[in-house]
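Participant: Could you put together the complete structure from these sequences and hints?
Top line first, the protein sequences correspond to chains D and W.
If you're matching positions, the first sequence starts at 2 in my numbering and goes up one per residue.
If you're matching positions, the second sequence starts at 2 in my numbering and goes up one per residue.
Treat the hints with care, since some could be wrong.
List of simulated lysine-lysine pairs, DSSO-like, C-alpha gap at most 27 Å [said to hold, decoys possible]:
#	chain 1	residue 1	chain 2	residue 2
1	W	K189	D	K83
2	W	K82	D	K144
3	D	K83	W	K200
No lab work stands behind these hints, which were simulated from the structure alone.
Here is what each chain is made of, one letter per residue.
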Amino acid sequence: MALSNRRTALRTLAAGAVGAATSATWVESLSALASQQAHAHAAQAAVGAQKWTPRVLNAKQNAMVVVFTELIIPETDTPGAKAALVNRFIDAVLHAAPPADRAAFLRGLAWMNERSQTVYEKDFVSASVADRTALLATLAHEKNEAVEDRLGVEFFRAIKSMTIDGYYTSEIGLRRELGDNGQLFFAQFDGCDHPEHQG
Amino acid sequence: MTKPTRGFPACHYCGNCGAGCDTASFFCSADHLLPFALETGKLTIRSNAVVARILTGENGLANGVQYFDRRTGAEQQARAKVVVVGASCVDSTRILLNSTSSRHPNGLGNGSDVIGRYLCEQIRLNVAGYFPSLVGTPTRNDRGIGGEHIYAPRFNHRPGHGRDYLRGFGIQFWNTGASVYGAHPGSKQIPGFGAALKKEIKQRHPAWFEIHPFGEVLPYAHNRITVDPARVDRYGVPLPSIDYRIGENERKMTEHMADTVEEIVKAAGGVLVDYRRGQLDAMGSAVHEHGTCRMGTDPKRSALNWFNQMHEVRNVFVVDGSAFPNASEKNPTLTILALAWRATDHLAEEIKRGAL
Ligand SMILES: Cc1cc2nc3c(=O)[nH]c(=O)nc-3n(C[C@H](O)[C@H](O)[C@H](O)COP(=O)(O)OP(=O)(O)OC[C@H]3O[C@@H](n4cnc5c(N)ncnc54)[C@H](O)[C@@H]3O)c2cc1C
Ligand code: SF4
Numbered sequence: 002m003a004l005s006n007r008r009t010a011l012r013t014l015a016a017g018a019v020g021a022a023t024s025a026t027w028v029e030s031l032s033a034l035a036s037q038q039a040h041a042h043a044a045q046a047a048v049g050a051q052k053w054t055p056r057v058l059n060a061k062q063n064a065m066v067v068v069f070t071e072l073i074i075p076e077t078d079t080p081g082a083k084a085a086l087v088n089r090f091i092d093a094v095l096h097a098a099p100p101a102d103r104a105a106f107l108r109g110l111a112w113m114n115e116r117s118q119t120v121y122e123k124d125f126v127s128a129s130v131a132d133r134t135a136l137l138a139t140l141a142h143e144k145n146e147a148v149e150d151r152l153g154v155e156f157f158r159a160i161k162s163m164t165i166d167g168y169y170t171s172e173i174g175l176r177r178e179l180g181d182n183g184q185l186f187f188a189q190f191d192g193c194d195h196p197e198h199q200g
Numbered sequence: 002m003t004k005p006t007r008g009f010p011a012c013h014y015c016g017n018c019g020a021g022c023d024t025a026s027f028f029c030s031a032d033h034l035l036p037f038a039l040e041t042g043k044l045t046i047r048s049n050a051v052v053a054r055i056l057t058g059e060n061g062l063a064n065g066v067q068y069f070d071r072r073t074g075a076e077q078q079a080r081a082k083v084v085v086v087g088a089s090c091v092d093s094t095r096i097l098l099n100s101t102s103s104r105h106p107n108g109l110g111n112g113s114d115v116i117g118r119y120l121c122e123q124i125r126l127n128v129a130g131y132f133p134s135l136v137g138t139p140t141r142n143d144r145g146i147g148g149e150h151i152y153a154p155r156f157n158h159r160p161g162h163g164r165d166y167l168r169g170f171g172i173q174f175w176n177t178g179a180s181v182y183g184a185h186p187g188s189k190q191i192p193g194f195g196a197a198l199k200k201e202i203k204q205r206h207p208a209w210f211e212i213h214p215f216g217e218v219l220p221y222a223h224n225r226i227t228v229d230p231a232r233v234d235r236y237g238v239p240l241p242s243i244d245y246r247i248g249e250n251e252r253k254m255t256e257h258m259a260d261t262v263e264e265i266v267k268a269a270g271g272v273l274v275d276y277r278r279g280q281l282d283a284m285g286s287a288v289h290e291h292g293t294c295r296m297g298t299d300p301k302r303s304a305l306n307w308f309n310q311m312h313e314v315r316n317v318f319v320v321d322g323s324a325f326p327n328a329s330e331k332n333p334t335l336t337i338l339a340l341a342w343r344a345t346d347h348l349a350e351e352i353k354r355g356a357l
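Facilitator: See the structure below:
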């Protein structure tokens, strides 16, 4: 399975290179890196360590990432991205990312704040839930090709992809949300039981 | 292994083979060959030794290797009566081509100029989707080991299944059921965000599938690994450079792959996600490289004999995928192992009878 994912990552990178018109390479590249790191993340219980200081994000950026990821995967009948500490995962991916991709991501965050200021006269974290959701909805709109939104649209795709990897490889995401109890093994393999294939 | 073997227990079906087996219940040379070879006291393993070239004497035969210590960068040599090369297809080829001398100006044992040519890496389609009939069902334990559940062997040689191209393809089926690592890979393609996205990801999680046809690429002389003196690694050794393109035969095969996958998915009631008909994965994604040091009976058209022994340098054996004259559509590792085993049995006999 890990092999399959490595191959998928290769493909994602290749697709990024070909489809540059529709998707910026940094988005694909961060996305592929997040998929790779997710495996380590799944195996690593220390994500929830009490003491944690971000290595890339400053306090403001971190707060924004927390809000953002929770908007993407919110608390429902199970906890959301915030409780799963997806911000820490994203910080780790950014830390491992090439400097240019990291910078693009941080530019995306800044862009979101500016846009929020322009439209709602508040920065993103202080805007109302309804306003933030509305802002995200424009960026998430599949047909949004407005040039002035381009960075925002790319940024949304990058952070969504990283959030999905981080959340669903956390204990909360994997076990509580997806109902995967990690019991992979079979007592034995009995072989095929289709009657037409016997004898 | 279904029975205890060499003191290791039988497989307990935990499904984690992709990360290596803690109980050594599948065959792997690190568990099942090397410790026993070490016990004989006749094996020394030199770790962190990056081989650059095979060294030759006046007589043109190999007499050792030049290598660099990965930690210190120091250049060293190991002397040998026989050199067995198994650095995988691309790197073995690179080592051979870099091993030039007055007796071997075109690379070691490469008077025929076949070394580096006929690179056969397979082509591969990556098709994914989900079964609506499984959407919303509970996450199940139906993964089997590792990931791949089903293998469809090549079938186009059967009556009524042939098409107007040579050779064929097999198909691997992955992830039917839940993905081991987080949400299924199609999650990122689901539009939107918020509670609706979260619900949709969960619903589709047990329904995801992936289908990967792997197809043979014919051996073409122009598909070629060369070494480029202008681009060197940190030890100053030239890096490989790869020219690769597929032709009409492979394009026809790709069409057949696409038709087959579409037919299977339709019959099974699946929905394809982000499907681009006939778009092959980046060349190299199959990671089944072969052919650049091919075996054969004619020393003018091949580099090795049928015991993986070089025609031109009889004390050098090349025992990886580069020895295959063509790629087939299959996963190669067991065949590489079998041929390597056979080659080294032959080598042992040759040494015993004093021929080497
Ligand atoms: C993601 C992935 C999935 C795969 N899945 C399958 C599968 O399911 N089934 C299957 O049959 N095959 C599979 N393969 C292919 C399989 O891994 C290879 O065909 C096989 O490992 C090749 O064996 P080898 O001994 O030739 O080379 P390798 O296993 O690559 O061994 C070569 C060794 O040489 C060492 N080496 C390289 N250069 C030097 C040097 N200059 N000096 C010293 N040492 C060197 C390397 O470190 C390595 O240990 C997969 C490959 C990949 C990458
Ligand atoms: S399923 Fe794989 S990892 Fe688990 S015991 Fe068997 S061989 Fe080992």
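Participant: Which numbered hints are broken by the structure, listed smallest first?
Facilitator: Those not satisfied come down to hint 2.
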